[in-house]
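Asks: Residue numbers (my numbering), protein chains in the order written: chain A, 1 to 315; chain B, 1 to 188.
Check the hints yourself; a few may be wrong.
[Stated by the list, open to error] Counterexamples of contact, computed for chain A against chain B with all Cβ distances above 12 Å:
| hint | residue |
| --- | --- |
| 1 | 12 |
| 2 | 73 |
| 3 | 83 |
| 4 | 91 |
| 5 | 132 |
| 6 | 156 |
| 7 | 182 |
| 8 | 191 |
| 9 | 248 |
| 10 | 252 |
| 11 | 269 |
| 12 | 277 |
[As the list claims (entries may be wrong)] Taking CB as the label site, the calculated pair distances span:
| hint | chain 1 | residue 1 | chain 2 | residue 2 | range |
| --- | --- | --- | --- | --- | --- |
| 13 | B | 10 | A | 2 | 36 to 46 Å |
| 14 | A | 126 | B | 112 | 34 to 44 Å |
| 15 | A | 93 | B | 17 | 31 to 41 Å |
| 16 | A | 314 | B | 121 | 36 to 46 Å |
| 17 | A | 126 | B | 18 | 43 to 53 Å |
| 18 | A | 170 | B | 94 | 39 to 49 Å |
| 19 | B | 177 | A | 109 | 41 to 51 Å |
[Said to hold, decoys possible] Negatives, chain B to chain A, calculated, CB over 10 Å:
| hint | residue |
| --- | --- |
| 20 | 10 |
| 21 | 30 |
| 22 | 31 |
| 23 | 33 |
| 24 | 35 |
| 25 | 54 |
| 26 | 58 |
| 27 | 65 |
| 28 | 67 |
| 29 | 78 |
| 30 | 116 |
| 31 | 175 |
| 32 | 184 |
Rather than coming from a laboratory, the hints here were simulated on the basis of the structure. The beta carbon of each residue, even a glycine, is placed where N, CA and C say it ideally should be.
Chain residues, written in single-letter form:
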Amino acid sequence: MPASRTTLETRGRILRAIRGWFESEHFVEVETPARVRSPGQEVHLDAIPTGAQHWLITSPEYHMKRLVASGMPRIVQIGKCWRAGERGPHHLPEFTMIEWYRVGVPLDTLAHDCEALVRVAFRAADRDPAVLGAHVPFRRTTVRELFALHVGHELAGDESQGTLHVLATAAGVAVGSATAWDDIFYQVFLDRIEPRLADMGPTFVFDWPAPLGALARPKPGDPRVVERFELYAGGLELANAFGELTDPVEQRRRFQEESRVRAARGKPVYPIDEALLAALPKMPPTAGIALGFDRLVMLALGVDRIQDVVPFAEH
Amino acid sequence: MYDTSDIRKGLKIMIDGHPYTVVEFQFVKPGKGAAFTRTKMKNLLTGNVLERNLRSGERLEPADVETKTMQYLYADADLFVFMDTTTYDQVQIPKETVGDQARFMPENINVEVLFFNGRAVDVTLPNFIEQPVVEADPGFRGDTATGATKPAKIPTGASIAVPLFISVGDIIKIDTRTGQYLERVGRG
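Isolated chain A (complex conformation) (with noise of 0.2 Å):
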């Protein structure tokens, strides 16, 4: 059912809310293309065709990215963005996205930048975020921690994926046909980590395995893993934020790995963005995270479903 009129008021409050604290600390608001040509190698991500060799974003972090590499410090870009075929009480196809960099921080600033605005979000909903079982700051943990708690195994991040498909099997999981390390992850994530982190209170779980990595950069210190965290509150997958990976060579051939995995699988293969991989060597160590808006209103209202808390959910 879409929302009713007062989530939709109470959905502006919060939006007008996070704006204000991000001119608070000093964010230029940007509105980068939605139309590109060049919307993400991500294996998981399909993008929606607009007209002839162009798709709707999925994600705005490539030009947000060339604008830090530009010299913009600390930005901000609350938009929409839209993913095929992505359509359940969490996941719309069209949905709308917080995405924002600051250069020169530690990727834990992202994180209290995320318990601040779980507070904004509350405060103008008129709730007490205390339902959420949060104290602050929320919980911190690893994936590691995660595994070795739920699972039972210890999870370096370095092993090859017949070790985790043993790891996984040992452990009970049916991990079925998959046989790529994300898909025997993302298996025993499921299937043994997510439902307990519904539990825990608003929780960032940090040091995701290197193959996991994306646009992360290496951990210093521990290349095993990257920096990377995901926030989850409420049942909800709430933002995932990065330790910009600013290292061009490292970062094409991620891209070429993803975009053969896309065309082994018979998935569209997008043109990778040259103009991105030509900009990271002028980005700064910049610290870089996606929140959900919908869902951000959803864990404000204490509302199950992503198609309660917007006008139209048919779209």
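Add chain B to chain A, keeping to what the hints say.
Replies: Using the frame of chain A, we list chain B on its own:
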């Protein structure tokens, strides 16, 4: 073969060699990961409920199961004989497949028979039956409020605990799942 995009309520699939029917399903997608369908399924043989996260593109084997409405005709040694109400074919089903609930299966009643790989594996009775009382001690008038009960027999031979005012010839309604008397629906 099915794949995860075919998943819907009531879809019958094989999991680990057992037939299941989908009860609930939900699209889930961990950040940066593949899409999965969180699927709640009921084992058609045992009734046990199982939850599985089925990855997009995973192939699913259809379960060869079919439910037919059949009429119970008569008992014969270790067997019950049923008739398909559409084709009039007769099928023999071992008494052990029907189990204890046979106590509430009077002749000519329509039941649902579940076939798995062509073999009858389960019989489901209607939740309620209405049967005449064929044997009961005399009742005591005016003694309805005490909650006291006495045994009464129905034609299948089952003994039901009924209120004291029930007498032979009364039609009573019984819950076949619990074997409990519910109400008197006709007087003898």
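Asks: Work down the list of hints and note, for each, if the structure agrees.
Replies: Hints and how they fare:
1. 12: Residue 12 of chain A is indeed farther than 12 Å from all Cβ atoms of chain B, at 27 Å.
2. 73: holds, 26 Å
3. 83: violated, 9 Å
4. 91: violated, 6 Å
5. 132: holds, 20 Å
6. 156: The assertion about residue 156 of chain A holds, with a minimum of 19 Å to chain B.
7. 182: violated, 6 Å
8. 191: Since the minimum Cβ distance to chain B is about 6 Å, residue 191 of chain A lies within 12 Å and the statement is violated.
9. 248: Answer for residue 248 of chain A: holds, closest chain B Cβ roughly 21 Å.
10. 252: holds, 19 Å
11. 269: holds, 17 Å
12. 277: Consistent with the label, residue 277 of chain A stays out of reach of chain B, its closest Cβ about 20 Å off (over 12 Å).
13. B/10 to A/2: 36 to 46 Å: violated, 27 Å
14. A/126 to B/112: 34 to 44 Å: 52 Å Cβ-Cβ, so the 34 to 44 Å window is violated.
15. A/93 to B/17: 31 to 41 Å: Taking Cβ atoms as reference, residue 93 of chain A and residue 17 of chain B lie about 37 Å apart, which means the hint holds.
16. A/314 to B/121: 36 to 46 Å: holds, 41 Å
17. A/126 to B/18: 43 to 53 Å: Between residue 126 of chain A and residue 18 of chain B, where Cβ atoms are some 50 Å apart, the hint holds.
18. A/170 to B/94: 39 to 49 Å: holds, 40 Å
19. B/177 to A/109: 41 to 51 Å: This hint is violated: roughly 60 Å between Cβ atoms.
20. 10: Residue 10 of chain B clear of chain A: closest Cβ-Cβ about 19 Å, beyond 10 Å.
21. 30: The assertion about residue 30 of chain B is violated, with a minimum of 5 Å to chain A.
22. 31: violated, 5 Å
23. 33: violated, 4 Å
24. 35: Residue 35 of chain B not clear of chain A: closest Cβ-Cβ about 7 Å, inside 10 Å.
25. 54: Since the minimum Cβ distance to chain A is about 7 Å, residue 54 of chain B lies within 10 Å and the statement is violated.
26. 58: violated, 5 Å
27. 65: holds, 21 Å
28. 67: Residue 67 of chain B is indeed farther than 10 Å from all Cβ atoms of chain A, at 27 Å.
29. 78: Residue 78 of chain B clear of chain A: closest Cβ-Cβ about 38 Å, beyond 10 Å.
30. 116: Holds, since 22 Å exceeds 10 Å.
31. 175: Given a closest Cβ separation of 34 Å, the condition holds.
32. 184: holds, 44 Å
The structure fails hints 3, 4, 7, 8, 13, 14, 19, 21, 22, 23, 24, 25 and 26 (numbered hints given earlier, in ascending order).
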